[in-house]
Amino acid sequence: MIKKEMIAMLLAGGQGSRLGVLTSKVAKPAVSFGGKYRIIDFPLSSCINSGVDTVGVLTQYQPLRLNTHIGIGIPWDLDRNIGGVTVLPPYEKSANSEWYTGTANAIFQNIEYMDSFNPEYVLILSGDHIYKMDYEVMLDFHKQNKSECTIAVMPVPMEEASRFGIMITDENRKITDFEEKPEHPRSNLASMGIYIFNWKTLKEALIAKQDQPGLDFGKHIIPYCHENGAPLYAYEFNGYWKDVGTLNSYWEANMELIDIVPEFNLYEEYWKIYTKSDILPPQYFSEGSVVEKSIIGEGTEVYGEVYNSVIGCGVTIGKGTIVRDSIIMNNTEIGDGCEITKAVIAENVSIGNSIKIGVGEEVDNETHPHIYNHGLVCIGEKSILPDGLTVGKNACIFGETTAEDYKDLALASGKTLIKAGDEA
Amino acid sequence: MRAIGIILAGGNNRRMKELSKKRAIGAMPIAGSYRSIDFVLSNMTNSRIQKVAVLTQYNARSLNEHLSSSKWWDFGRKQGGLFVYTPAVTAENSSWYRGTADAIYQNIHFLKDSHEPYVVIASGDCVYKMDYNKVLEYHIQKKADITVVCKDLPKDAPLERYGTLKMNEECRIEEFDEKPIVAKSNTISCGIYVIRRRLLIEMMEKCAQEDRYDFVKDVLIRYKNQKSIYGYKIKDYWKNIASVQDYYDTNMDFLDPEIRNYFFKQYPDVYSKVDDMPPAKYNSGAQVKNSLVSSGCIVNGTIENSVIFKKSFIGNNCVIKNSIILNDVYIADNTYIENCIVESRGTIPANSKFVGEEGIKIVVDESDRMLMQ
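Quick note, the sequences are listed as chains Y and D, same order. For the first sequence, counting from 1, position 174 maps to 174 in my numbering; every step adds exactly one. For the second sequence, counting from 1, position 222 maps to 1222 in my numbering; every step adds exactly one.
List time: in silico BS3-like cross-link candidates among lysine-lysine, alpha-carbon distance up to 27 Å: (1) D/Lys1112 with D/Lys1224; (2) Y/Lys319 with D/Lys1265; (3) Y/Lys276 with D/Lys1078; (4) D/Lys1289 with Y/Lys319; (5) D/Lys1071 with Y/Lys272.
If you are wondering where the hints come from, they were derived from the structure by calculation, not from laboratory data. All figures in this text were calculated on a predicted structure; none of them were measured in a lab.
Let the sequences and hints guide you as you build the complete structure.
Here is the structure:
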């Protein structure tokens, strides 16, 4: 009989609506990060680096790019005879067919998958954080404490604690209580959304709570385990961990990679981050180009100037163009004589000549101030921007636009122009 | 598919000097991200050849590491595949490959076990893009026994290093000289041949009986009047890596946007093994002009008119000019390098200076490197 000690279930079905147009067409775990990677590469690489070789990836929202990215798991060495990576979308059943209605509901609907590996432990991960973690060390902690459910936590500044799920523990890190986004937090240990369960405990809880609408780990499963006296422990993690749930935190996390020795180091030999990468030529810098404090992907051609930026693969930056403090994803083309400041430009965007992005006064975004803020400009994938356009701050463009879509070839600060896809 | 492929990658070349110590020429890094054998492998897969044998002999470690899977070039895995054959001691034979024909003969089972009617033979040390199907069609149309791909070089090229040939109006090869002292023609053989599989088996067995081991001398030249051997002339980019200067020039060619466009932007692509390197990183103080930089590099200094291969570190205030830095080189602060090729995994101490005064200087420096983990 097949027996895997620990298998992982990676929740990758969410939209991540706070990333605005970046997730209009792709699930958040498939959004690019750090030049050549996608967000899901980080938990997947941690799995294989920790020796977890069986991973179920739960998908639901816009799964196409995620599916093509994961394939049969070759980049992560997760193409295995037994185990490996399996993409698990919701499926029709003879009765009660439904979408994944909550994090734990998604896991519940795949009990059969997990049972087929006969695991001792199940690791629950989410596909929207940037970190490197050795899950084996966490498992050791789990076993040592005879825990039935271990929750990875990290200390956060007390004043920020009210934004997280907070764990209250005794001196042995045994969880005595927990609170979701408390107004007056009693501890600063924030849940990272990474759990190790004894499969027996988890299965029992999932079945007991199966009729709960929107079955969720934080809201239902963990309270249920706690009430039934299962020992819960908090595993403290002190490495780099970043939630890239908002446009600004996403931008910040990218920018942190530029530091001389970044806190999150992609260059570690023995903890590589793997991704599906095309075989691409090296990057080219022309005679008149300038590059400083940036990371740049393969196959990119720079004829202009790049400062403080994260540039993906296969990007072209035209002559006389100046890119500052920006993120430019794979295969985007930028013409000549542009000025781009503090922008997040998605994949396959075509930016004409003499375009200014991120200029003028900062004005709150009119329709989505909670998404487009901090002066960032966001351009959705496959957008086209006409020559000579000026775009203000906190603005957003998505779709194939022409000069007629703009008044006087300008989009003022705080404006949103969406011509494609669903409104974010 | 109508053909199988044989890649001759066994050779070494004195003119590559120190660079050939580490690896066979097939494994020489090219254009920042590739090895020279990637071009022929990509050509084969893009010509829909599914079954390829690579015959290696000289220092094949680096090459074997590179050819770790047929996956990288999308060759078949169940139908066909990529096979690497080094000489092996058998009941009948205990010799190294004594020549190109002998290398093929020692692996004649590969030919006998295949069913495809034709064989494309090519070497692993050339940089070019080619659809072998076109040569094959020409071969069939000419009813040739052997077709040799050839190219006109400028009259002042070092023709004495190539096989030169003369064709009649029908393109049948009438004269063929291997590395002539005085070349009678500026048409050279590119070392790419198309031949029927059964004929190749027959000729290789005959050569072996007669103790003849060289494909050019003992097949092409010896049989040029008995068999109909035709030339197929190409005009496209084709470079052979046979000397340090060739190697340097070929790499520098990729600074030309037209050549990059031809190889990398026009379909079909060139494939290589994936390395999982992070993107290249440029800290403040970095200055890069007219250069290629590969993934995994960290740049703090100045780079001009150079090709930097994967995973190199360029320290503060370094100046790299007109040079090639191979994989995984660490260059400490304040180093000046001009007209050099720095061998892979080198560690250059701070404040060094290397300048190639007359021609290209090869720098092999294996100072201790502190591992930073």
